[in-house]
Amino acid sequence: MLIAKNIKKIFQLKERTGWFRSKVVRQITAVDDVSLEMTPGKIVGLLGINGAGKTTTIKMLAAMIEPTAGILQINGIDAIRYPMEVKKYLNVITGGERNIYWRLTAKENLEYFAALYHLKPSEINYYIEKSLSLVGLTEVVDVPVERYSKGMKQRLQIARGLVNDPMFLFLDEPTLGLDVVIAKELRQHIYRLAKNENKGVLLTTHYITEVEELCDYVYVMDKGRIIAQGSPSEITRVAIPEQRITITLPSLSLEAEEALKEVAAASDVHITFDHENSHTVVHIKSKDNLIMKFIKIVTENNIPVLNVSILEPRLEDALLQLATISKEGGEVD
Amino acid sequence: MSYFFQIIKAEVIKQHRTTFHSTATYFSLLIWPVVIFFNAYFSYKPFQMTKSRWPGLETPESIILFLIIGYIAFLSFWTLVQSAAMMQVERQDGTLETIFLSPGNRIAIIYGRVLGALFENMWMFFSFSLLMVISIKGFPLHNLIYVPLCFLILLVSAVAWGGLMNAIFLFSRDASIIFSICYEPMNLLAGVRVPTVVFPIWAKIISVIFPLTHALVLVRNLLMKGELGSVLPEISWLLATIIAMVVLTIWIIKKAEQNARKQGNLLFY
Amino acid sequence: MIRRAMPWSFMIERVLIGCYTVLFAYFIYNYMFEGNIDEQFFQFTNNMDYLTFVIVGASVYTFAVSTLMNVGRSLMTELREGTLETLLLSPGSRIGYFLGTFLEQFIRSLSEFVVILLFGWILGANLTNINPLSFIVVFVLVMIGFFSQGVFLASLMLYVRDTFIIQNTLFFAMSFLGGMTFPVQYLPVALQHVSYIFPLTYALHLFRSVVIGGQSIILHVITVFELLCVSVTYVIIGFVWLSKVERKLIETSF
Chain A
9 MLIAKNIKKI FQLKERTGWF RSKVVRQITA VDDVSLEMTP GKIVGLLGIN GAGKTTTIKM
69 LAAMIEPTAG ILQINGIDAI RYPMEVKKYL NVITGGERNI YWRLTAKENL EYFAALYHLK
129 PSEINYYIEK SLSLVGLTEV VDVPVERYSK GMKQRLQIAR GLVNDPMFLF LDEPTLGLDV
189 VIAKELRQHI YRLAKNENKG VLLTTHYITE VEELCDYVYV MDKGRIIAQG SPSEITRVAI
249 PEQRITITLP SLSLEAEEAL KEVAAASDVH ITFDHENSHT VVHIKSKDNL IMKFIKIVTE
309 NNIPVLNVSI LEPRLEDALL QLATISKEGG EVD
Chain B
7 MSYFFQIIKA EVIKQHRTTF HSTATYFSLL IWPVVIFFNA YFSYKPFQMT KSRWPGLETP
67 ESIILFLIIG YIAFLSFWTL VQSAAMMQVE RQDGTLETIF LSPGNRIAII YGRVLGALFE
127 NMWMFFSFSL LMVISIKGFP LHNLIYVPLC FLILLVSAVA WGGLMNAIFL FSRDASIIFS
187 ICYEPMNLLA GVRVPTVVFP IWAKIISVIF PLTHALVLVR NLLMKGELGS VLPEISWLLA
247 TIIAMVVLTI WIIKKAEQNA RKQGNLLFY
Chain C
346 MIRRAMPWSF MIERVLIGCY TVLFAYFIYN YMFEGNIDEQ FFQFTNNMDY LTFVIVGASV
406 YTFAVSTLMN VGRSLMTELR EGTLETLLLS PGSRIGYFLG TFLEQFIRSL SEFVVILLFG
466 WILGANLTNI NPLSFIVVFV LVMIGFFSQG VFLASLMLYV RDTFIIQNTL FFAMSFLGGM
526 TFPVQYLPVA LQHVSYIFPL TYALHLFRSV VIGGQSIILH VITVFELLCV SVTYVIIGFV
586 WLSKVERKLI ETSF
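These protein sequences, in sequence, are chains A, B and C.
If you count the first sequence from 1, you need to add 8 to reach the working numbering.
If you count the second sequence from 1, you need to add 6 to reach the working numbering.
If you count the third sequence from 1, you need to add 345 to reach the working numbering.
Bound conformation, chain A alone (with noise of 0.2 angstroms):
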């Protein structure tokens, strides 16, 4: 298991002052008493605009980068003491083209990554065999890495980050850059590791879609801080927790009209309505199932109903809300 307990992260920014002289002209707080858990068999989500301080969490659980504060433990060994014992059990997998050696084959790349990770030979042969497999470039084993695609080039990164078999796999934006087709096969290779290899998976990424398709619990981070924590409904239901019904009727009289509102004003619940020459329509945002009584309403004015719609609150529309109350300074439940 790896847990974190109010870790934080201060960086300090230098400026220089002479010959092997610096001062220290501000202090950026990029992380702030961050609390999270992952655990093998699960995706965990960590989401947030650019600058709310993922990579920066993700180096700290990766033992890359000393936290300033806080406890980190995997696996019971305290990460901040003793990174070098953890770093085995650990792999960090970023979008992009950097981080492997492009003049190298793949085979190569995957022989020096493992070495670095004390593989004794026969289990690099068997986990190069093994992960270039699982992301299908065993017919490209051989070709220097430069000739590969964009999509290749991601996949080789994801055979790099299991090659020591890691307990916990950290994948920063994995997907950026890729065609659709590319990134759902990732997609499927990322469920594969949590729930047939029992990896602990941490996700960051901008593809709401993704989130929403892998991970079992999403941490959202703001300005350095957890803002919204929970399942990926759980977070909906608590940004976004009014449904909205659209009910499109030919027209609505007054009676019918008024009898609406006073339902709505009962209930706490916000309606509206479009007169257009041809029809009304009618848009309600309730937290409560409402519908029926609504309909109820409408029918019994002898209004035929054209269409009536309901809209689910959006992983995405409750990520917005919770940006923009950060924003505005507020706090979310």
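Think of the hints as simulated: they come from the structure by calculation, not from any bench.
Quantities reported herein were computed from a predicted structural model and do not represent experimental measurements.
We put the beta carbon where it would ideally sit given N, CA and C, even for glycine.
Where hints are given, some of them may not hold.
Facing chain A, according to a computed beta carbon distance under 8 angstroms, are these residues of chain B, among others [what the hints assert, rightly or not]:
no., residue
1, Leu107
2, Gly110
3, Gln269
Dock chains B and C against the given chain A, drawing on the hints supplied.
Same frame as chain A, now just chains B and C:
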């Protein structure tokens, strides 16, 4: 221990495979050094050889041997400085970050890089040097026995030096002052073209700073004069400088990683 | 070799290289051989003092390298900055362009030359016999030689699309074959012939004989003629190549 050597082997293989054998490589690692060597040789022509203050340098053959040894050693040291500066490329490519993400032994990684770079950079000039030495027929054959020892001396001192250079470039994004110190001053004051024994006191004092100086004195005395006994003081000097370089390298690497963990600045961007 | 790409850092580097060349000569002359020069050297150089010989060599060589780097790399710099097309498609005078680049850097190159000469003078070079008039005449001839070679180099670099290999190979060849630290007569005959393709060889001969040695330039009119022939050849080849590049550029642009 086996992990240590496993990583060194991996780094050597990686260096070999990533070294790009372009036209520029053949020029900078063979053609230009050969021209520089002959330039140094002909610079001796205006002088009366018999009046040389270093008794070993009285014939054209001895000058060639003297300069060949000087340039093999100097180029080994110099090309390792250039290879160390390539750390910047790894920083920009993100591969340095990937290396530090792993638990791989940092010292093994650095010395593996150095060994790989040394073999890749020097094999061409070394081959030329062998040809020159064979062709001059002026090599004292009874000193052949010292060749393996001299090879070891140059190898160990160059690797220790290369490790220190890599550590410095790891720590600092901008260590270009190293180039200013390492080429011309070292070329002149480490005894590459003129033996340090004839230097004035002030130049001798400066020459002591360069590890290359001690390696050259040792190797030249062994290969050109065959005097093992007289080089014992130099052996101590060289050992001391090698140990100092290794200790400094290990310390800098530890500090560099500690600093990187605090500042988060392994990435160039 | 890797270097930072700033003009002033190139200047400092060239001056340092020149000074270290002079220092090497000083060391070998004073500490290694205690001033014992071979008779042939005096024959080849008309009894010139060794240190003065090398110091003149180093300073003129540095002036050559500075001029060649600035004029020679001009077109490749335009290419890298994206302004080459505009330049070559304009009706402006090409010789005017090159003269402009030469004049722009002339003071910097001259200062590098003077600094090394001064350093050498401190170390013991005999520069007391310099005749100002002969200095100016020879310097003008030398400038013509290096300028012409710079034009040729600019076109060659653009044609081949390389600066690194060409410039460094040229500079190493010049320092070896141009007579910078030893008379070219010490070289094997075949290499002596090669040395005469460099304006530096003639420049050093004239500097040492006329400017330092105090000889009349009339005595070296053949050397002057050879230098001018080489210069004209470089300019012609340079412009022929440049016109080829221009034609290709026009074809690919339109």
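Those earlier numbered hints the structure runs against, lowest number first = none
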